[in-house]
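Going down the list, the sequences are from chains Z, G, L and R. Using my numbering, the letters of the first sequence correspond one by one to residues 1 to 341. Using my numbering, the letters of the second sequence correspond one by one to residues 1 to 341. Using my numbering, the letters of the third sequence correspond one by one to residues 1 to 341. Using my numbering, the letters of the fourth sequence correspond one by one to residues 1 to 341.
Please note: incorrect hints may appear among the correct ones.
The list treats identical chains as one, so a pair stands whether inside a single copy or across any two.
Calculated lysine-lysine pairs in the DSS-like style (CA-CA distance at most 27 Å, straight line) [unchecked claim]:
#, residue 1, residue 2
1, Lys269, Lys330
2, Lys336, Lys224
3, Lys271, Lys261
4, Lys268, Lys330
5, Lys167, Lys224
6, Lys27, Lys298
7, Lys275, Lys298
8, Lys153, Lys298
9, Lys27, Lys258
10, Lys161, Lys224
11, Lys167, Lys271
12, Lys27, Lys269
13, Lys339, Lys27
Just so you know, the hints here were simulated from the structure itself, not pulled from any lab data.
Protein chains: 4
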Amino acid sequence: MLSFVNDYSEVAHSNILNRLFDIQYDKQSGYGTDTICDSAKEKIRTACDCPDADIYFLVGGTQTNQIVIDTMTAPYEGVLAAETGHVASHEAGAIEFSGHKVLTLPHHDGKIDAGELADWVETFYADGNHEHMVFPGMVYISHPTEFGTLYSKDELVALRKVCDEFKLPLYLDGARLGYGVACEESDVTLKDVAALTDVFYIGGTKVGAMFGEAVVFTHHNAPKYFVTQMKQHGGLLAKGFMLGVQFDELFTDDLYLKISKNALDTAKKIKNVLKEKNYQFLIDSPTNQTFVVMDNEKLAELEKKVNVAFWEKYDDTHTAIRICTSWATKMEDVEKLIKIL
Amino acid sequence: MLSFVNDYSEVAHSNILNRLFDIQYDKQSGYGTDTICDSAKEKIRTACDCPDADIYFLVGGTQTNQIVIDTMTAPYEGVLAAETGHVASHEAGAIEFSGHKVLTLPHHDGKIDAGELADWVETFYADGNHEHMVFPGMVYISHPTEFGTLYSKDELVALRKVCDEFKLPLYLDGARLGYGVACEESDVTLKDVAALTDVFYIGGTKVGAMFGEAVVFTHHNAPKYFVTQMKQHGGLLAKGFMLGVQFDELFTDDLYLKISKNALDTAKKIKNVLKEKNYQFLIDSPTNQTFVVMDNEKLAELEKKVNVAFWEKYDDTHTAIRICTSWATKMEDVEKLIKIL
Amino acid sequence: MLSFVNDYSEVAHSNILNRLFDIQYDKQSGYGTDTICDSAKEKIRTACDCPDADIYFLVGGTQTNQIVIDTMTAPYEGVLAAETGHVASHEAGAIEFSGHKVLTLPHHDGKIDAGELADWVETFYADGNHEHMVFPGMVYISHPTEFGTLYSKDELVALRKVCDEFKLPLYLDGARLGYGVACEESDVTLKDVAALTDVFYIGGTKVGAMFGEAVVFTHHNAPKYFVTQMKQHGGLLAKGFMLGVQFDELFTDDLYLKISKNALDTAKKIKNVLKEKNYQFLIDSPTNQTFVVMDNEKLAELEKKVNVAFWEKYDDTHTAIRICTSWATKMEDVEKLIKIL
Amino acid sequence: MLSFVNDYSEVAHSNILNRLFDIQYDKQSGYGTDTICDSAKEKIRTACDCPDADIYFLVGGTQTNQIVIDTMTAPYEGVLAAETGHVASHEAGAIEFSGHKVLTLPHHDGKIDAGELADWVETFYADGNHEHMVFPGMVYISHPTEFGTLYSKDELVALRKVCDEFKLPLYLDGARLGYGVACEESDVTLKDVAALTDVFYIGGTKVGAMFGEAVVFTHHNAPKYFVTQMKQHGGLLAKGFMLGVQFDELFTDDLYLKISKNALDTAKKIKNVLKEKNYQFLIDSPTNQTFVVMDNEKLAELEKKVNVAFWEKYDDTHTAIRICTSWATKMEDVEKLIKIL
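With the rest of the complex left out, here is chain Z:
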């Protein structure tokens, strides 16, 4: 059975597994105070051209969003996000669990618009009742978005400008960051992300790691006692070096970008074939997720041989599905899929 169901189905890149054997019995100090974490952080600072970065490793995406948002906003503040943002809809209320409201903006293929953001904040402060409302305390974006789309550099610069104007930190959820910054259609690099945001995370779970996300506070702006706050949220790993190892490998010899490229290349191959075959796309996304509309009968056939993700009902005879590639997708599997499509 082929599977293109998501990008977190496989264990991890071999370099990571090999490294685990290499250091199996070495004695590392606990809670991320080890030298491997130090090394990984330094490599990330270099890759981001961001010498002032405070870097911490966390285990998963929802955990990271909860901790970053909760620790960087005041108790009376919420986080602004697209209504389709992961924090707004698919984190089981993890943000509200920590006491913060998600303030939603309209989305445009998963992205928020700088002009609409500015309008929202201006309207908020113009409202005489705003002291009875949740203050905007942070702007959350995902890149790639939940729809696989990407901000252009101009769009990020525009968001940055609004954030500066209203003194709002800009937070970029990079659960699939590799698939964004390695994308040829995009003019946004890892360095741009570091330069234009206050905090972002580099997703490991979906890009070659067993698990783990690297949170980058871009200008020595990590919240006070961040390790304590990680612990308080249940997010401090005893064997923090397990996270260090993975990012140390991913940021050696550009591995992170190289394996991201594999997901993009395999996705592009699939997209091209779908275009040739005149499939309709639900959304035009340049990264590793492909959203396509399929005749229900055809889909029934397909699902006998391939696992794909149901996305939404399109109409009575069609369904939108997601075909997802990853760092681990093999071109031979893509060839097999293409024959079935």
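Based on these hints, arrange chains G, L and R on the given structure of chain Z.
Just chains G, L and R now, kept in the frame of chain Z:
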């Protein structure tokens, strides 16, 4: 440099690492819905002789304590624990973060006493003002305790009886459970733990795994929508199968107990030598942690060659330290240590 | 200066103040355990034709919403409300502070639609990912709404049906309930409200009391240890009898409805004059709040003599304002206002 | 039936009730923005000799403690308090509900000791693991304490010094502050309290008001957007002027101190008689609460004629009770009580 500083310094047992290679590119379904997790759970049910167990895997100990306590107690309830319990003192307020108070009882070498527990609860309900107080909602114990001590089976039965009388769930924190149930001095087996508690967790992080804890609800009593609540607390791993793999290996051919034995054997060797040399023990603990009082000059010498954990100042010329072994401790390192002691 | 700015500007009805003198030095027991509270509750049960009601008194509306929603929903549940609902927008995140998300539905003049509610819940459960989302746990409506509009009995019955189908408790925020149930245009009585909801509150603060809201759990369904939970939320008044006194007076000889009538009569007089003068209404509301569009120059004149509430900018030359009457509004002040309009 | 059961049994001082009539139909602006609140605040600033005070009015004591502690401490901080402090034991977990731990110190007749406080904080920072613990973020004291005892000025100065050394805000819970500062045995004035603390509250509920507490931030140190945070906690009263009125009256012509004196005078009379009659005191407290040990048979007789508060079982034949006077206690009732004692 030798190290006996803690039991979470090494990566993981080889069986686990080998298994990761074996399944590296297999496609597993997400969030713990995979077949490896199913297999691991079944093995744990068998090992615990607990066919009615609901089992979930979480990443770390503080996370597990926070989620179990928060989801199994009502909002107006707190958790009863020894004043030295991990939840009471060393989790950075993770329990309070989720809204619950830790109600402390006196400790006796890290353990709570069934009689004192009963008295506490009786006094609580006798107090005419108890509607203005935090209700007792759960009893938390650790086994081994934070001091490496163990409850006897009689002691556990006595606690169970009090819990039954007051309808309080009994929760056992088994961060180092292997080092307890594999201990020859103890009459408490894994099956006893399952039979006498409402919920407990089998610690992986400190006993052979890279990370991970297996939460066992012993009689189909997992909180409703527990997966959603794990997600809400930031504790749901996308690649849940990474946890399944580890516990599947640890519960194959009694590996969990076998490697626990190694920690106990090496610790006993050290304890015996310390006794012979007439060192004073801070506390008499039968498991993998050894608490010993050392002359400061002697300690300064020792620390040139061995990492140990500072525990507390004993007096002006002595310090209490902890010497910790683990599943990974090599007897040759113990021999080297002994020569230095 | 005339004022029609809101309905919480005056102290309280004379019957309440007189009663305070009558009982000034009587010794009442604390925390709502007194006989005056008992008397008030019994009168409310009778007025609602609801002998099975559990009744508690709280101090203010936001406090009431927070406590009712938090104590009646599971931790993984949110509350469904109109996007314009008070809990969604004007409570400074009080609901999120207690860990719950407000799940918003479109509004129709401030009201939610039973069909849209059913669709929302059906779609939620149809989504394969719903375990990663916030579960619907309660339906919140306000009556009158934030726009002064009212549900018809048929609309409430339809909502009740959907709530029954999906086992969702229906909660009615009655901050201005008197102005709803005393309204001639409405076919919804206090008894209907009690019969069709699981919990509602009778607003005192805006209807004749100094402060206070009476929460009615309609079928002995008050959350367990509700007094303790009130205390935990900071909402338990030491002199609970102060609340009892006020509701005891308001529910003697139909005072609550009689004084509500005054707000409606004075509002109707204003609405009629506005209609005669061809003012445009922002929204057609039958209760004590009148939303009218005014030429900015005219408004500037008006505001020299009358305090009204700015509602929103209508266009470049017009503004929407709210003219609000209350239990205390004097017809002579209305006459003065009319001359100015 | 006589009653000396507590100090919140009666409505309020006549000056307050009369004022309510005087302003019954005046139109006040909402949420504490009215001129009566302004006047009350100015009178309090004068009475405290504290021109830099930010003052807010809240409804009750537990609410005040929750809001002050939550808004003045960081999320990773707890509050240090005597183990007998109200926040530690009798607020149903209101502090933990807002995410903070109460860190307890030993009590000495309800008071904490400056030396023990300093030791606690020093030990905390000396512990290598303190990043895994709840940081001390505030010191809470009550004055009078829950046992009716008082800090001396020297004791307060000593606490202030420790707080300065460790940069900890000092918070004084003055639920019964009047009964402390009006006490002849005490050298601590209202001005001393304002000079030596960072924040304190002046209790109204137990000292002449219907309800209400005045929070005084002594040096323009109110938390940012405090009104919004009050609202978020459910503690913002729509008719804020109701609180202003009461404190405006209490701080006119020293009313607050004068009526406090009544409670002290009546309590002293009772204490003197008890001493003459050789009753044993449970604790030696100089304020309005008298804790006395009574033979059970004698108590049974007493309770036929007088309501007093059960405090605790003393021994098999004796019970400790509390006899409580208030601003409203009549000397004639004291005379009647004395005859019975």
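The hints, checked one at a time:
For the identical chains of this complex, lysine 269 and lysine 330 are intra-copy neighbours only, at 12 Å inside a copy versus 51 Å across copies, given an alpha-carbon limit of 27 Å. In this homomeric assembly, lysine 336 and lysine 224 never come within 27 Å of each other (Cα to Cα): the closest approach is 52 Å inside a single copy and 41 Å across copies. Taking the shortest alpha-carbon separations for lysine 271 and lysine 261, only the intra-copy value of 15 Å comes in at or below 27 Å, while the best inter-copy value is 55 Å. When the C-alpha separation of lysine 268 and lysine 330 is checked against a cutoff of 27 Å, the pair qualifies only within one copy, where the shortest distance is 13 Å, while the shortest distance between copies is 51 Å.
Within a single copy, lysine 167 and lysine 224 get their C-alpha atoms as close as 19 Å, and across copies as close as 16 Å, so both meet the 27 Å cut-off. For a Cα distance limit of 27 Å, the shortest separation of lysine 27 from lysine 298 across copies, 23 Å, qualifies, whereas the shortest one inside one copy, 55 Å, does not. Only within a single protomer do lysine 275 and lysine 298 lie at most 27 Å apart by alpha-carbon distance; the minimum there is 16 Å, versus 61 Å between protomers. For the identical chains of this complex, lysine 153 and lysine 298 are neighbours neither inside a copy (39 Å) nor across copies (48 Å), given an alpha-carbon limit of 27 Å.
With identical chains, the CA atoms of lysine 27 and lysine 258 are at most 27 Å apart between copies only, with a shortest distance of 21 Å across copies and 31 Å within one. Taking the shortest Cα distances, lysine 161 and lysine 224 sit within 27 Å of each other both inside one copy (26 Å) and across copies (25 Å). When the C-alpha separation of lysine 167 and lysine 271 is checked against a cutoff of 27 Å, the pair qualifies neither within a copy, at 40 Å, nor between copies, at 44 Å. Proximity of lysine 27 and lysine 269 under a CA criterion of 27 Å is satisfied inter-copy only: 21 Å between copies versus 45 Å inside one chain copy.
Taking identical chains as interchangeable, the C-alpha atoms of lysine 339 and lysine 27 lie at most 27 Å apart only when they sit on different chains, with a minimum of 20 Å there against 50 Å within one chain.
In the structure shown, a violation is registered for the earlier hints numbered 2, 8 and 11, in ascending order.
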